[in-house]
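2 protein chains.
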Amino acid sequence: MKKDEKLEQLRKLMQERNFSAYIIPTDDFHSSEYVGSYFKAREYMSGFTGSAGTLVVLPDQAALWTDGRYFLQAAEQLKGSQITLMRSGQPGVFSIEEYLQKHLQEKAVVGFDGRTVTRRFVNLIREKTDEKQVTFDGREDLVGKVWEGRPALSKEPVWELDMRYAGKSRVDKIQEVRMEMQEKQADYLLLTALDEIAWLFNLRGNDIAYTPVFLSYLLLTKEQICLFAHEEIFTEELKGKLRQEGVAIKPYDAIEETVQNLSDGKKIWLDSGVVNYRLTESIPESVEILDQSSPVVLMKAVKNQTEMDNMRTAHVKDGVAVTRFIHWLKTNVGRETITEMSAAEKLESLRAQMEGYLEQSFGPIIAYGPHGAIVHYAATEQTNAAMKTESFCLADTGGHYKEGTTDVTRTIVLGTLTEEEKRDYTLVLRGNLALGAAKFLEGVSGQNLDILARQPLWEAGLDYNHGTGHGVGYILGVHEGPQRFHWRTAPGAKSVALKEGMIISDEPGLYLEGKFGVRLENLVLCRKKEKNEYGQFLYLEPLTMVPFDREAILPELMTRSELGWLNAYHKRVYETLAPLMEEEELIWLREMTAELTE
Amino acid sequence: MKKDEKLEQLRKLMQERNFSAYIIPTDDFHSSEYVGSYFKAREYMSGFTGSAGTLVVLPDQAALWTDGRYFLQAAEQLKGSQITLMRSGQPGVFSIEEYLQKHLQEKAVVGFDGRTVTRRFVNLIREKTDEKQVTFDGREDLVGKVWEGRPALSKEPVWELDMRYAGKSRVDKIQEVRMEMQEKQADYLLLTALDEIAWLFNLRGNDIAYTPVFLSYLLLTKEQICLFAHEEIFTEELKGKLRQEGVAIKPYDAIEETVQNLSDGKKIWLDSGVVNYRLTESIPESVEILDQSSPVVLMKAVKNQTEMDNMRTAHVKDGVAVTRFIHWLKTNVGRETITEMSAAEKLESLRAQMEGYLEQSFGPIIAYGPHGAIVHYAATEQTNAAMKTESFCLADTGGHYKEGTTDVTRTIVLGTLTEEEKRDYTLVLRGNLALGAAKFLEGVSGQNLDILARQPLWEAGLDYNHGTGHGVGYILGVHEGPQRFHWRTAPGAKSVALKEGMIISDEPGLYLEGKFGVRLENLVLCRKKEKNEYGQFLYLEPLTMVPFDREAILPELMTRSELGWLNAYHKRVYETLAPLMEEEELIWLREMTAELTE
Numbered sequence: 016m017k018k019d020e021k022l023e024q025l026r027k028l029m030q031e032r033n034f035s036a037y038i039i040p041t042d043d044f045h046s047s048e049y050v051g052s053y054f055k056a057r058e059y060m061s062g063f064t065g066s067a068g069t070l071v072v073l074p075d076q077a078a079l080w081t082d083g084r085y086f087l088q089a090a091e092q093l094k095g096s097q098i099t100l101m102r103s104g105q106p107g108v109f110s111i112e113e114y115l116q117k118h119l120q121e122k123a124v125v126g127f128d129g130r131t132v133t134r135r136f137v138n139l140i141r142e143k144t145d146e147k148q149v150t151f152d153g154r155e156d157l158v159g160k161v162w163e164g165r166p167a168l169s170k171e172p173v174w175e176l177d178m179r180y181a182g183k184s185r186v187d188k189i190q191e192v193r194m195e196m197q198e199k200q201a202d203y204l205l206l207t208a209l210d211e212i213a214w215l216f217n218l219r220g221n222d223i224a225y226t227p228v229f230l231s232y233l234l235l236t237k238e239q240i241c242l243f244a245h246e247e248i249f250t251e252e253l254k255g256k257l258r259q260e261g262v263a264i265k266p267y268d269a270i271e272e273t274v275q276n277l278s279d280g281k282k283i284w285l286d287s288g289v290v291n292y293r294l295t296e297s298i299p300e301s302v303e304i305l306d307q308s309s310p311v312v313l314m315k316a317v318k319n320q321t322e323m324d325n326m327r328t329a330h331v332k333d334g335v336a337v338t339r340f341i342h343w344l345k346t347n348v349g350r351e352t353i354t355e356m357s358a359a360e361k362l363e364s365l366r367a368q369m370e371g372y373l374e375q376s377f378g379p380i381i382a383y384g385p386h387g388a389i390v391h392y393a394a395t396e397q398t399n400a401a402m403k404t405e406s407f408c409l410a411d412t413g414g415h416y417k418e419g420t421t422d423v424t425r426t427i428v429l430g431t432l433t434e435e436e437k438r439d440y441t442l443v444l445r446g447n448l449a450l451g452a453a454k455f456l457e458g459v460s461g462q463n464l465d466i467l468a469r470q471p472l473w474e475a476g477l478d479y480n481h482g483t484g485h486g487v488g489y490i491l492g493v494h495e496g497p498q499r500f501h502w503r504t505a506p507g508a509k510s511v512a513l514k515e516g517m518i519i520s521d522e523p524g525l526y527l528e529g530k531f532g533v534r535l536e537n538l539v540l541c542r543k544k545e546k547n548e549y550g551q552f553l554y555l556e557p558l559t560m561v562p563f564d565r566e567a568i569l570p571e572l573m574t575r576s577e578l579g580w581l582n583a584y585h586k587r588v589y590e591t592l593a594p595l596m597e598e599e600e601l602i603w604l605r606e607m608t609a610e611l612t613e
Numbered sequence: 016m017k018k019d020e021k022l023e024q025l026r027k028l029m030q031e032r033n034f035s036a037y038i039i040p041t042d043d044f045h046s047s048e049y050v051g052s053y054f055k056a057r058e059y060m061s062g063f064t065g066s067a068g069t070l071v072v073l074p075d076q077a078a079l080w081t082d083g084r085y086f087l088q089a090a091e092q093l094k095g096s097q098i099t100l101m102r103s104g105q106p107g108v109f110s111i112e113e114y115l116q117k118h119l120q121e122k123a124v125v126g127f128d129g130r131t132v133t134r135r136f137v138n139l140i141r142e143k144t145d146e147k148q149v150t151f152d153g154r155e156d157l158v159g160k161v162w163e164g165r166p167a168l169s170k171e172p173v174w175e176l177d178m179r180y181a182g183k184s185r186v187d188k189i190q191e192v193r194m195e196m197q198e199k200q201a202d203y204l205l206l207t208a209l210d211e212i213a214w215l216f217n218l219r220g221n222d223i224a225y226t227p228v229f230l231s232y233l234l235l236t237k238e239q240i241c242l243f244a245h246e247e248i249f250t251e252e253l254k255g256k257l258r259q260e261g262v263a264i265k266p267y268d269a270i271e272e273t274v275q276n277l278s279d280g281k282k283i284w285l286d287s288g289v290v291n292y293r294l295t296e297s298i299p300e301s302v303e304i305l306d307q308s309s310p311v312v313l314m315k316a317v318k319n320q321t322e323m324d325n326m327r328t329a330h331v332k333d334g335v336a337v338t339r340f341i342h343w344l345k346t347n348v349g350r351e352t353i354t355e356m357s358a359a360e361k362l363e364s365l366r367a368q369m370e371g372y373l374e375q376s377f378g379p380i381i382a383y384g385p386h387g388a389i390v391h392y393a394a395t396e397q398t399n400a401a402m403k404t405e406s407f408c409l410a411d412t413g414g415h416y417k418e419g420t421t422d423v424t425r426t427i428v429l430g431t432l433t434e435e436e437k438r439d440y441t442l443v444l445r446g447n448l449a450l451g452a453a454k455f456l457e458g459v460s461g462q463n464l465d466i467l468a469r470q471p472l473w474e475a476g477l478d479y480n481h482g483t484g485h486g487v488g489y490i491l492g493v494h495e496g497p498q499r500f501h502w503r504t505a506p507g508a509k510s511v512a513l514k515e516g517m518i519i520s521d522e523p524g525l526y527l528e529g530k531f532g533v534r535l536e537n538l539v540l541c542r543k544k545e546k547n548e549y550g551q552f553l554y555l556e557p558l559t560m561v562p563f564d565r566e567a568i569l570p571e572l573m574t575r576s577e578l579g580w581l582n583a584y585h586k587r588v589y590e591t592l593a594p595l596m597e598e599e600e601l602i603w604l605r606e607m608t609a610e611l612t613e
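Chains as they are written, first to last, in our numbering: chain R, 16 to 613; chain L, 16 to 613.
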């Protein structure tokens, strides 16, 4: 079926229901970053395959919003359709709310599958369209009625993290959550974020690419633990264990009815920016909503001792694989044909050789030359570049291991560099090192620290248009909050203080469109240093164990401190990896990590 | 009358009115930082003379809250009274709200002069005492009924800043404010902060120490400009001019009745954290309140070209006086008796020799040796220390000139220093220089930048327990918002982006109780640098022109960049001041500012 036919079928259904607009976002029912194939409704309807985008269909027109990462790709994929591309954030481009405000008539009804948006999202539109008395109907998944051959909902088996990997039992975790509920006098806690549920239960699944979680909802009370999930994903043994621990497994679909029947006068804790609209709307009016961030968000962000120890192990394994990859790439470029896609396969195969490797933690970014300037580049058959003995290969990849999750970026020198390339690499490296070397008082947030990574670039009148770092999950989403390194804050948003046990990426970059990109990313673990009359000091321990490329470094542009930090890091990398490397690699690694002086 | 007699008289009045508590803060009717002598009710009742403190009187007890600056002084001054000292912010010390929550009975009535507190302050107490159905009565100034020989309200003459000093006429300023009102659809704007009114009218007064403002309120509409002030403070000529420009002068006291009679259905813009409680409560229920920060706050924070140029001039004059003072102090210490108080007089006399000097911009802090560790030290006859040829003299002072306002801190070497003293001076200097050298993108706030000043100290496990910098008014309050350098943010508070034209202090410090203190403060002016694809870059131009004390600097602890910044600053100081210095001073200044190398 052609795109425009799909739209016409949808419009027929819209007309029958008197909908003036139908919104098709990129979300599953859980506000997940990546979604399973069942949920790719926007892709099915528009043909645009990017990971972010929202399609809005009106009776006589349709428009698709996506962000800067995808402007080129979306323009290409929408070609020949009647869908207009809306470049989010560009000057003069309407937001979805503004677009609806402009095009809707008085008392129009806007439809959507209420399970794929949040109340916060709907409220944004409501604010703009309230004067026209626009109403919303989230009861029906109309795309589902149009979609021929829709993939089934994923129901992959779950597996359990034993205590050696989890560090804390689910019974204890649930106990802690209940204490938070008690403090807020909440009778119910509704969790729908898949990584929160997986973390709380020490369970992992395989229903979403790159994120080992399983489709589920959780409703917790003082006495009950109701896990809504497909029963067939649990082994009999696990079911027995869960039952023994007081967990009642209910059908995945039963959450809605359960929520509709919550007891009068009770209080439910949920985050209306995460829980889907239909569920939030299903709560009886007699139940009070405590609309706050889930307590699990901060709990899982602060890794326990077992998680910290395992994360170090995972990073040593990953360091071996990535360092081996860099050695292979630098040795073989020019000798054999290496493309962005074949390099990604090579790196995946090297990771797969490491014991306990599970899967990639996100789609690999292996970007040669000018492609490195595209921040979220993903090679396709059409763009797949062959590498030459010049310029940089930017490799931003990561893996899940039984011991944890990695995310590392190195910008690899493939041949002779220009002075500009070296200068820019050195600037980004200085930022990475300065942030990594930060020592600071408890209470400091990523917003206070961000400038350390940007300062060398800002001094040169340069910048990168992305955050400096994100939290990282433990065999969960590679991007998780609440901590991050950033300098801008959205109005009303709060920057979270860093705490011992938080893991966060340190990844400044620089992107010269059409020329090259540099990004250097380590994961760092927040740790305690001395406590004195001034307070508790914290520092950042590097987890990533992969050398920087000395061929791109201009030591004369670095301060003595920066050289000291670099040499200390390289010494640590060498000592950590040396026992695990093959002979030829080891000789090379020794050279790569040898001390640099002014 | 003794303190306790005053309290008894007050309690009699409280009893007649059935008040269970009476609150006596340190504020005038305008939330001013300093207050005129008429308003020193808390000082009259308690005997405590510090600039910050709140007295709460109950039928059987009384307590006074003040902050860390005044713990010692307050303890001394409250000795022998029945008033308990409450050390704000210390562990286990109740806040005022908590104290009232604990001591009040059901349905108690709390009294205060509603003109000396804000609604925001009352709301804090209300939140804690709502369960007891406590109510508030701000109608009467009971201290006024007890106070024998109360000074009269100040009614000093006002004077006008001509365009050479103001840079923009009041007609134009009022026009801009009205445009902001229109945007917010506000019919009225109520301004009560004295510096906002003075700035808007290009008028200055003398009703408050250190702040050249005059007692007044302003009610602005689309058509009317009502200035509530004592008529006798204006010359006939000025009154004529104001009348011509559409300004109606009404009696200072008439504001309350005017506000009570605002028209139904209109919208009034005010800031309930600034406007006093009684005025806010006087607004009829039928008038909608837009509770937001006044538009004048940001307007006056961003200096216009004339103000910037004049501020530079003021700082050159101030630089001459302060540099001359440092030379005098270093030359004469040990040869003649110099005390903290006599040194302050000397500095004041040197400033007074400069053309256009008006007055001090705050109470001078001249603190010798261990006194330097007391952040807000003010020498009294009892503490007045004689200086010796050792340790530091910390001098934090400032002045108002016809061209602007200064605030500068130098820590002056009086003799041989210990290695610790030199190290600590150098650490603080490095922080001052690093922040001063910052280059950053528009949108950055003081919260992003603060770490630049703290980093050298944090690296050494040290810190200072105050903000790094505050905004500075133009011949107005030496402390003004909204911009500041700080890393902590109160919940709900927003850090304001720096803009070209903002002036802000850069003043890290280090305080070793019982030993010494170091603080180094420059005022800096935010300026535009290049604008490119990454955005508009900004930098900080130093306004303060006073050398740092090279006898305390350990160049070997500084980076090459830091030495470069120091040498560039010293070169600029020398070149700026040289034409204005006497021969002997000039020779000394040349040595003091000579290049330092590794």
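I should point out that these hints are in silico values taken from the structure, not numbers from a laboratory.
It is possible that part of the hints are untrue.
Any copy will do: because identical chains look the same in the list, a pair fits if it lies in one copy or spans two.
Unchecked claim - Pairs of lysine to any residue residues, derived as SDA-like cross-links and limited to a Cα-Cα distance of at most 25 Å, are as follows:
(1) K530 - L456
(2) K55 - Y554
(3) K188 - G62
(4) K509 - G482
(5) K170 - R542
(6) K509 - E457
We went through each hint and held it up to the structure:
1. K530 - L456: between (40 Å within a copy, 24 Å between copies)
2. K55 - Y554: neither (41 Å within a copy, 47 Å between copies)
3. K188 - G62: Neither. Shortest intra-copy (42 Å) and inter-copy (55 Å) distances fail the 25 Å Cα cut-off.
4. K509 - G482: Both. Shortest intra-copy (15 Å) and inter-copy (20 Å) distances satisfy the 25 Å Cα cut-off.
5. K170 - R542: Neither: 38 Å inside a copy, 59 Å across copies.
6. K509 - E457: For K509 and E457, the Cα distance is within 25 Å both inside one copy (16 Å) and across copies (20 Å).
Going down the numbered hints, you'll see the structure goes against 2, 3, 5, while the others check out.
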